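Asker: Given next are the chains, with one letter for each unit.
2 protein chains.
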Amino acid sequence: MEELKERIRRLGVVVSEQTLKLDEVLNHQVEPRLIMELGKQFALLYRNEQVTKVVTIESSGIAVGFATALELNVPLVFARRKKTLATDDELYWERVPSFTKGMVTDIIVSKRLLGPEDRVLLIDDIIANGDAARGLIRIIRKSGVHLVGLGIVVEKSFQAGARAIRDEGYRLESLVRIKSLKGGQVEFE
Amino acid sequence: MEELKERIRRLGVVVSEQTLKLDEVLNHQVEPRLIMELGKQFALLYRNEQVTKVVTIESSGIAVGFATALELNVPLVFARRKKTLATDDELYWERVPSFTKGMVTDIIVSKRLLGPEDRVLLIDDIIANGDAARGLIRIIRKSGVHLVGLGIVVEKSFQAGARAIRDEGYRLESLVRIKSLKGGQVEFE
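Here the protein sequences line up with chains A and B, keeping their order.
Residue numbers for the first sequence follow the numbering used here, beginning at 1 and rising by one.
Residue numbers for the second sequence follow the numbering used here, beginning at 1001 and rising by one.
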């Protein structure tokens, strides 16, 4: 993942000691060839898990989720975010705060899209405090499908999200881990 | 595009004579292999246009935009939607109504991502009244880049969006055209 690290160093914008803007890497513009490499990496890590579906969250997870699902030759579900509470019986929903957005959103997945026989791989772009990922995990558990694990492109390991999810017993694989943004510098583990 | 039509017939939900829900085709779950076929089709249609960048709108345009950009080997920019007015000088923004969402959103693209030398292909999933597409076209024009054309997966040709954009002189290619949803039936042209 040296190419990903190089892009993060070159194009990432350190906004604060907590926040790294990756608009030109993951969140607003993507390089499809690099994203395909990330998808191949996740597919390789989970190749023995009989994944039947990749699940991600709109919007920044979609490109890498798509690349992973293409490699695994399974459908991609992208959870939607809504500003208003869904009361539809046909939906799973979880309310989660968003670290980057500074607001609360509801994450929604149609019940039709998750069957009891599914083996789901969760893919997302970045994990900080892990609120969105934990919301998706709760949806997966409600639906009764098997969660084989998570694949995260960028883990900010100085924040608690990934560690907390691993401590709950889930497999979480990240492609690069950032241990600090101090002094405006991205420091990888 | 017979496979796409077959999926739309089988999985599309006609909500009203104006509205077709394509959650299991484009908007909530996608079949990556089929989406890659759509991307290849757009890449073929615009192969002589020296496209330097594919631009789409979050979220449902991202998968097919990604597939197109991968085929053309160019970056994908996904415009973001915001609920609040952006006043950032570094952004292009346009306020547009959304037919499917029933609300107004701001479409935003960072100025850094569109340079005067760019030749942009706009990709989106569905065109109805064309408000989002026209918002993106206005952003493209403001930025001064050359718009080579639009690629739309599903054109609802009984609504005015695609026709109006073609009437303005833009090239707009759609992969399937739906002429009616009357009687709960999807009728293709």
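Some clues are possibly wrong.
As the list claims (entries may be wrong) - A few chain B residues that don't get close to chain A, going by computed Cβ distances all over 10 angstroms:
1. E1024
2. T1052
3. N1073
4. L1076
5. V1077
6. F1078
7. R1112
8. L1113
9. K1142
10. S1143
11. L1172
12. E1187
Stated by the list, open to error - Simulated crosslink set (EDC-like; lysine to aspartate or glutamate; CA at most 20 angstroms straight-line):
13. K1082(B) x D23(A)
14. K111(A) x E71(A)
15. K1021(B) x E90(A)
FYI, nobody ran anything at the bench for these hints, they're computed from the structure.
Quick caveat, the model's predicted, so the values are computed rather than measured.
Glycine included, each C-beta is placed from N, C-alpha and C at the ideal position.
Asker: So which of the earlier hints does this model not fit?
Answerer: Violated hints (numbers, rising): 1, 3, 4, 5, 6, 7, 8 and 14; every other hint is consistent with the structure.
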